[in-house]
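Q: All chains, full assembly: derive it from the sequences and hints.
Line by line, the protein sequences are chains A and P. Position one of the first sequence corresponds to residue 1 (the UniProt record's numbering), numbered consecutively onward. Position one of the second sequence corresponds to residue 1 (the UniProt record's numbering), numbered consecutively onward.
Don't take every hint at face value.
[What the hints assert, rightly or not] Each computed DSBU-like pair below joins lysine-lysine, with the alpha-carbon atoms no more than 30 angstroms apart:
{"no.": "1", "chain 1": "A", "residue 1": "Lys529", "chain 2": "P", "residue 2": "Lys529"}
{"no.": "2", "chain 1": "P", "residue 1": "Lys529", "chain 2": "A", "residue 2": "Lys528"}
{"no.": "3", "chain 1": "P", "residue 1": "Lys162", "chain 2": "P", "residue 2": "Lys446"}
[As the list claims (entries may be wrong)] Covered stretches of chain A (in silico footprint by chain P; criterion: 3 or more residues with CB under 8 angstroms from a CB of chain P, positions within the stretch not fixed):
{"no.": "4", "region": "358 to 367"}
{"no.": "5", "region": "459 to 465"}
{"no.": "6", "region": "498 to 505"}
{"no.": "7", "region": "527 to 539"}
{"no.": "8", "region": "544 to 551"}
Keep in mind that the hints were calculated from the coordinates and are not lab data. Just so it is clear, CB atoms sit at the ideal spot from N, CA and C, and this is done for glycine as well.
There are 2 protein chains.
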Amino acid sequence: MTISDIGSQATTPTPVKASKADALKTPAHRSEKDARFEEDARDLHRILPASRKVYIEGSRPDIQVPMREITLDPTPIQGVSESEWEQNPPFYVYDTSGVYTDPNVTIDLTKGLPKLREEWIKERGDTEQLSGLSSDYGQARARDISTANLRFTHIDKPRRAKAVDGKVGNVTQMHYARRGIITPEMEYIAIRETQKQHELTDMRQHEGETFGAHTPAIITPEFVRSEVAAGRAIIPNNINHPESEPMIIGRNFLVKINANIGNSALGSSIDEEVSKMTWATRWGADNIMDLSTGNHIHETREWLIRNSPVPIGTVPIYQALEKVDGVAEDLTWEIFRDTLIEQAEQGVDYFTIHAGVLLRYVPLTANRLTGIVSRGGSIMAQWCLAHHKESFLYTHFEDICEIMKQYDVAFSLGDGLRPGCLQDANDEAQFGELRTLGELTQVAWKHDVQVMIEGPGHVAMNRIKENMDLQLELCADAPFYTLGPLTTDIAPGYDHITSAIGAAMIGWFGTAMLCYVTPKEHLGLPNKKDVKDGIITYKIAAHAADLAKGHPGAQSRDNALSKARFEFRWDDQFNLALDPDTAREFHDETLPKDAHKSAHFCSMCGPKFCSMKITQNVRDYAAGLKTLADSKSTVTPQSGDLATAEHLIKKVDTQLVEQVGSATAEEINQGMAEMTEKYHKEGRQLYKEV
Amino acid sequence: MTISDIGSQATTPTPVKASKADALKTPAHRSEKDARFEEDARDLHRILPASRKVYIEGSRPDIQVPMREITLDPTPIQGVSESEWEQNPPFYVYDTSGVYTDPNVTIDLTKGLPKLREEWIKERGDTEQLSGLSSDYGQARARDISTANLRFTHIDKPRRAKAVDGKVGNVTQMHYARRGIITPEMEYIAIRETQKQHELTDMRQHEGETFGAHTPAIITPEFVRSEVAAGRAIIPNNINHPESEPMIIGRNFLVKINANIGNSALGSSIDEEVSKMTWATRWGADNIMDLSTGNHIHETREWLIRNSPVPIGTVPIYQALEKVDGVAEDLTWEIFRDTLIEQAEQGVDYFTIHAGVLLRYVPLTANRLTGIVSRGGSIMAQWCLAHHKESFLYTHFEDICEIMKQYDVAFSLGDGLRPGCLQDANDEAQFGELRTLGELTQVAWKHDVQVMIEGPGHVAMNRIKENMDLQLELCADAPFYTLGPLTTDIAPGYDHITSAIGAAMIGWFGTAMLCYVTPKEHLGLPNKKDVKDGIITYKIAAHAADLAKGHPGAQSRDNALSKARFEFRWDDQFNLALDPDTAREFHDETLPKDAHKSAHFCSMCGPKFCSMKITQNVRDYAAGLKTLADSKSTVTPQSGDLATAEHLIKKVDTQLVEQVGSATAEEINQGMAEMTEKYHKEGRQLYKEV
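A: Right, here's the structure in full:
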């Protein structure tokens, strides 16, 4: 594999682009939001510090897997010319930001992203481009004058699987995998998940506790295929979303995170949602769910999918409910079916379907403290009660499979009866539904349709593992996709944290994707800051889980950052962080001067005393003893005896202290740069003297 | 026990108090900080919303245990007059804020807090007031003109244990406990820990996994005594800090949290530290550690102790190092001993002592990725290397016990060799030191001196439990007091979160107190916002641990908040939260109008559709079926058959939807109040109609 350098500077959009992008804004928003929108446009393109986008080429030139390369500073060696300092190789991280951070690609939100997967899909020859939209609703919206000003205008005609022998075709990745076919998507994912492990310089890592997960050191395309074939992993990958960069969700791969966005009747416009999506993927969202329930759901979704480098999931029942003016019992299979086709032809990669909410489970929630809190679950429960029969999601489940396999839409089987508080966790209603989801998984697999299972919710720490173990057992290792769980109910405003605790644990136990929770959970709609807080918090939970599982190479980033921290390479410490901007900003609050970035002490200890400096003395001491030990066997005139060694060690320690020991806060704020240089110059003279 | 109502309104300080408080500020700070300081003064007195300070009286009138009483709204019942709505009893929470939130107490920071424990200490008759300070340094500072302007002026002469038969006396709570004496402190703690459990209305709670902890449903004074006698719990309780409200640290009690504050040579003034301390206790810090390393350590500490309602801990070696101008190898037992006495007579409640850093462990850290990161550990390591012998902390350990038992200062045996990154976790150096701390615990207990053990640090999730299990085994169940641990190294700027994950888990496993980490960890000194973020995050971790352990009554607050959430009692949901201010602020960002506080839907779903509303329909349905079932046995004319019941249920559901279904975002923002009222009036008519 070779890396094609495509430059290291990010570009900001030209005025032209910005004005085109204005088309996203509904007239009502134009005036008030220009400033924020310009800022969004800048965010859209800015690559993180010391980083550049690189691509790893696969077996064919059109497989170009993106990674972010972080350049690191050399490690200073005292008394040695800078050219001979220890070089720290660049570090490569998984990159979900798409071509927005590729300065060689011109971004135009009104035209959408390049169609990365289009050729792969076409060359398989098992799909056809339709003459137009198949759904009644899609056609109606396309004709609707009133929404013309909101509409995304560069829409291709949708593709669908060709019929085979009079039966509907099947173009799911699972269908290929089960026939032994390794798709370009699978190879792309193998390269992406391997993360250049074989090039790592520091592979030190502790053994993990996998709880039965099995991840090879190097992920091969064949391994990806076998996991998808077994149903242990899914590749959300609608043929009508060729803009998306292939990724995989399964417990034997890196733990992924999902970010929920979407407007409601109470606010948020299309441009805000697109901006939240690009913002979320920039910070590491592997998937986006559009949970819009307000106006223009169809148009909002089109804008999101055309501009999203990651898979997009939805809950189709939300839109179906809008179509019947919010009266749940008026929902019909026909309306729902049309909605599935409408969304499948837009390119939605997975559907949350609450087909496990059975009539007999509904009364089991009556004595709960907080009843049914899932929106989809509540809709279906009300429908079941009103009609006193099982929902069309359950009775038409195979019809749904028939639709989804023609576009390769994956199931996210919804936990409509998940607990809304600790008291309601792990109850009959929740686990009854989970059992049904396990049965439906087998039905979907019969059709080679990919499946993941949604999980709770609110669960105390000691009751989390039961959820994971039962899911693996009942759902035959289908990937688990959980919301948190929140480990306490008493911290609204901080539920990204109450849930990150549960998310890290259940991720360790085997959950494949964690649905983020923002600080606004239970309180309101997240803004951009909330989205970022949710993302970073969940990147932490997912990485903590990878580490605990002993995922190959997971600890390498921790090692690189810790080495930078120990060596006072402040910039590297920031740049290797999940959020370099915040790390740098916090540091500069206390030590604003650039000189401090290379200061050999930090603000917590101050200049008089630095624990890391003393640790270096420990190493010099250990080295001194070794020199001494060696000298006992081979006569080397320049080596002294133990007393000498100790004397010299003590002397150099004293020197070190004297250099900075006398400094006052004033002197520091004036002469930091000189002091640091002096330290570099006169630093550790011990071995020179010997 | 009776509750003495002492009013429900908080007062703000008079200008007089504010100007007195100005005395805290060093001249340099006067001008620039007035605004912030005024704000601090307001924060100092404001009690949280819908709350009032109440006291529970013990067996004697001078045992008055503070709690915060949160008043809750009634639960609306449709079609019933407000007077008959379901009343929700007030909820009581553990209160660490001290008398600052008691409007009947006049606060004057320049005079310090009332001496709550003074009489208890005197009446035991085993202590005497000294003629003056015993430490050379304390005496010198008292004479020092240059610091006169900074000095706290209302200092009593210190107390010390009377000698017994020519031997130094012993006034530790452990000493009393082992002789079967139940002190007022112990009774106070029993009432405080029980938290009025016996008055709870909703005791629903799931069984926990205790990992060997044993907590009775009601904490009795005798249980407190027995735990202290066994060494499983400590009461940090220096006789020279009579202002502190007794609290206990042990795995069979509520998990506690500690907040670190303190200045460094790089900044922060005395008033800032006092302000951080009152701010931290206001939000729930059970303990404060003053880690000052900069100027005026002695004076800063005096201000903190005299005004602190919670125990104060320190790391005496930091100040000792200042006394030798930062040259570690110049430290001597004499300097350290004088520092211990100086601080013990000021009232420090526990000392972190790194006596486990033995010479033979130091070279074990040489090959670590980040070496020795503990400041105290580094100081002692350097001392051991320079002198090539064991430290005076180890060789004089019994002398240290002799000092501490005369004032009842507890040990916090420091983990000087804790890991600074995941790679260095659970290694020979760390566990070697832990073994030594276990041996020293037995020595301290021989003197009836209370002990807790400090723990890491940076540890991946799968390696945390080993730390807890080993500590319990090696240290004979002495309380464990851990910093985090951080579960990944890659998120500087978010280490309150990386560590809350580990803290919640190790708290569940048995850690008695969690030392908070702020977002500024590794980057700089925390400001007030960072301190609050750290506190709330750790209150979450501690509570999540109590829940997982199944601590009696722990879930009651979660239940009360969840019930409020389900019933749309927004104000109660905020007021029961750990941080009511932030919860309310976040809610108001999306739904600013007061009317929304009682709106029967929330911003996440909007008015057209609300899952909780539908859950209520489920309950009506279940109730309808029950009515029906009953009607089968007893002939009741007004009850219909199943079809009728369903018809009525469907009808009312439709009514509900119609009421709000047609609303547009505009209408909502205009007519929320009316809609809500209409909902209340015409709400659920089903049973009226029948």
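Q: All hints are to be evaluated individually against the structure, with a verdict given for each.
A: Going down the list of hints, with the structure as the test:
Taking the CA atoms of A:Lys529 and P:Lys529, the gap is about 16 angstroms. The hint holds against a cut of 30 angstroms. This hinted pair checks out: P:Lys529 and A:Lys528 have alpha carbons roughly 20 angstroms apart, not beyond 30 angstroms. Straight-line distance between C-alpha atoms of P:Lys162 and P:Lys446 comes to about 19 angstroms, which keeps the hinted pair within the 30 angstroms bound. Coverage of the region 358 to 367 of chain A by chain P holds [criterion: at least 3 residues with CB-CB distance below 8 angstroms; count 4].
Note: the region 459 to 465 of chain A has 4 residues with beta-carbon separation from chain P under 8 angstroms; the three-residue rule is met and the coverage holds. Counting residues of the region 498 to 505 of chain A whose CB lies closer than 8 angstroms to any CB of chain P gives 5, so the stated coverage by that chain holds, three being the minimum. Closer than 8 angstroms: that is the beta-carbon criterion, and the region 527 to 539 of chain A has 4 residues meeting it against chain P, so the requirement of 3 holds. Here's how the region 544 to 551 of chain A fares: 6 of its residues keep a CB closer than 8 angstroms to some CB of chain P, so the rule of at least three is met and the hint holds.
When each numbered hint is compared with the structure, no violation occurs for any of them.
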